[in-house]
Amino acid sequence: MNPQRAGVRVPPPNNSSEAIQRISLKNREYAYIEDANRGVVLVEIGPKVLTLEAHLTLVTKSRMIELGTGSWCVVRNPVVREEGKVSLDDFGQARIAVGDREVRVGPQVFPLYPGEELEGEITPEYVLGVYDALRLRALTAFMDERTPGGPRRREAGDEWLVRGPGRYVPSAAVMVVSTEKARVLKETEYCIVLNPVDRTTGKIQEGRRKVISGPDVFFLEPGEQLEGDVRRKHVLSEMQGLKLQALDDFSEPEEGGEPRLRKAGDTWIVRGPRTYVPNEKVVIQKEIVALSLGQGEGLYVRDLRSGKVSLVQGPCQFMPEAHQELHEKRLSPDAEALLGLAPPAQAPHLAAVEGKEGKAPPRPSASASDRVDRTRAIVLRIEDNTSVLINDFETNHARVEFGPAKVMLRPYEDVTVLDLSGGTPKRPRQLKVLMLRLGPDFATDLFEVATRDHARLRIKLSYKWQFDVEGDSEKDKAIFRVNDFIGYVCENLASRIRQVAAENDFETFHKNASVLIRRAIFGVDEAGKARKDRLFSENKLRIIDIDIKDIAPVDDKTALKLREAIDTNIQIQLDASKQEAQAAAELKRIRSEEEKQLADISSHRKSEAERQSLIELQNKNHQLATLSHAKVEAEAQLEKARVESEEALARAEAEARASRIRTEAELERERMMSEVTLERQKKLNDLEVDRQARLAAVEADQFRQRVEALGGGENFVKAVAAQAQAAVVGGLDKVVFLPSGSNLNLFDSMQGLLGPGGKNGVTGDKNTGTH
11 MNPQRAGVRV PPPNNSSEAI QRISLKNREY AYIEDANRGV VLVEIGPKVL
61 TLEAHLTLVT KSRMIELGTG SWCVVRNPVV REEGKVSLDD FGQARIAVGD
111 REVRVGPQVF PLYPGEELEG EITPEYVLGV YDALRLRALT AFMDERTPGG
161 PRRREAGDEW LVRGPGRYVP SAAVMVVSTE KARVLKETEY CIVLNPVDRT
211 TGKIQEGRRK VISGPDVFFL EPGEQLEGDV RRKHVLSEMQ GLKLQALDDF
261 SEPEEGGEPR LRKAGDTWIV RGPRTYVPNE KVVIQKEIVA LSLGQGEGLY
311 VRDLRSGKVS LVQGPCQFMP EAHQELHEKR LSPDAEALLG LAPPAQAPHL
361 AAVEGKEGKA PPRPSASASD RVDRTRAIVL RIEDNTSVLI NDFETNHARV
411 EFGPAKVMLR PYEDVTVLDL SGGTPKRPRQ LKVLMLRLGP DFATDLFEVA
461 TRDHARLRIK LSYKWQFDVE GDSEKDKAIF RVNDFIGYVC ENLASRIRQV
511 AAENDFETFH KNASVLIRRA IFGVDEAGKA RKDRLFSENK LRIIDIDIKD
561 IAPVDDKTAL KLREAIDTNI QIQLDASKQE AQAAAELKRI RSEEEKQLAD
611 ISSHRKSEAE RQSLIELQNK NHQLATLSHA KVEAEAQLEK ARVESEEALA
661 RAEAEARASR IRTEAELERE RMMSEVTLER QKKLNDLEVD RQARLAAVEA
711 DQFRQRVEAL GGGENFVKAV AAQAQAAVVG GLDKVVFLPS GSNLNLFDSM
761 QGLLGPGGKN GVTGDKNTGT H
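For the sequence shown, our numbering gives the first residue as 11, with consecutive numbering after it.
Some clues are possibly wrong.
What the hints assert, rightly or not - Okay, the calculated beta carbon distance ranges per label pair:
hint	residue 1	residue 2	range
1	Phe101	Thr211	42 to 52 angstroms
2	Gly139	Thr79	18 to 28 angstroms
3	Asp99	Val59	45 to 55 angstroms
4	Arg437	Thr578	33 to 43 angstroms
5	Arg437	Asp478	45 to 55 angstroms
By construction, these hints were calculated from the structure, which means they are not laboratory data.
Even glycine gets a Cβ: it sits at the ideal position worked out from N, Cα and C.
Given only the sequences and the hints, what does the whole structure look like? Please build it.
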């Protein structure tokens, strides 16, 4: 900051008026005085009164910089201080360190010397909480004395964090980059830090990863960054798992406690129930959920090591291993369209089961197929009286499945789709069929024939057909031998009818069309009669009946003549039918009159019989009412007697139960009294035994003390006991031991020997057993 910004510039005095100027400086004021003789600017600090001579000029007068407690500022080009004092040059002007910066911290008051500038504004010191930190950057190389763990050298451009709690004022070699907030991880969270900083050396470990698991509070050091965002810990149930991959070699403990070596690139599965947090050398490829497969469900699974696809069938719970993945099975486009696995083609029509007249069922929408899970096993629901040809391209074998059945396709199997002719007349490739109907069914065809006299007729026939199946999968594959069996059969039979028509004239063929057509289709037997069916050995298709729907001339003139002849015949038949109807009506009228008379007679007779029956029923009802009243009274008396007897029985049972309860209570009381008496006697016996034991111990102790008092020790007692035992064995009734030189004294018992007034000695009585 320019010194002249800190105060008010004073205009120079008018030399013409006076040569001397007086200036008063208050407390905490300073002034710049220019000395014209030496060409320097001096600093004067108040409080004082200055008298300026002619060569001295007041440049500016300002308030001193005041720093309160908890505030600081940066001074650019600070003055040089030696032993705490401002260093002055030979002319008395303060020396400054040009280009340096100095941080001054309050509380203090100071002036700005000429050349010093205030960098920025006065700033309060940073007060850091527990979750606050400052990101600092070194402007020059210096030795940082504030680093926890000892001094550390900072190079220009280094960045680091200063954490709270505390108060912080940066030094002149440091610049505050930003204020950082701590990141708080909950119990259920973790995060991955990229390029972590080594806390001991302060260097960034480029390319490495570090996992921080909650609960924890941490700061991101300069150069560190999060991989993604804070993540939730993986809480795995019994049906959940994680597929992991090792980024580097490491070892981890297994469930048994033994370490397991993982090499870079290894993949494995971690299963629940557990809470899992990956380490820095592990990456989670995907989450896995065990799939519950019910009866009739399955999955296609590929082994990544061999590439082989297998089928896993339910009921079971399946979770793939690390070397397994779910495989999406693909069928032919037509088969997928028929099964609803893909959008159907625009043409020709598709049908899951071949229907009558080539009608196709509604096609599934594309939106429904988008949701199909192709890893699920494809299950064919074969309807009754239908069959499917399945090709296994792994074994190059085909098999036929008949309905009703549910068939699950193996990984390398596909379904044969038939292209059938459809419409009337039949046109090829109009219908795609997945399931072949076995019949009986109908196929309608329309075609033209020419008679011997060149009359052209249009014939519409309906064939009733069915397949001859034996239940043998190998033999029954023949029904799929002809792909378009409808077109093949219709074309074959139409050619036979054209041949018959060409051998007859119009009148003969039209008159005997039914017989001729049947003979052409079914053939004749040895007797010359038409057979009942025709078998196509190529695919075991049997034609069992035909229906001639229409035979019409193609030429208009021929059709008109035929129509006139038909109208005449119809009129003749109508007249004959009218006469027959009139005769039948007259006969019916006569018969109805006769039936009416007979009905009247029968009705009168019936009414008389019903009146007689009514009288009989009234008599029976009177008798039944009388019997019912008597029966009810008898039953009431019987019920009364039964209730009284049950009441007496219940009363007797109650008295018996009361007596039994009283008896049991008395027995229980006596038993408890006996137990109390026995317990009391047992305690008295225990007290007596304890008392006798204590008396015996006291007597033994008294005996020992007396023996010791007589001068004998343990050896003396043992010797006395041994001699007494020898004497008893020798047959002596009593034995007396006396010390040498003593007079002979006999005592009857040991108690007498050791009692008051006795001498040293021991006596034993064989008969009494006392020692």
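Comparing the hints with the structure gives:
no., hint, in the structure
1, Phe101 to Thr211: 42 to 52 angstroms, "50 angstroms, holds"
2, Gly139 to Thr79: 18 to 28 angstroms, "19 angstroms, holds"
3, Asp99 to Val59: 45 to 55 angstroms, "27 angstroms, violated"
4, Arg437 to Thr578: 33 to 43 angstroms, "39 angstroms, holds"
5, Arg437 to Asp478: 45 to 55 angstroms, "27 angstroms, violated"
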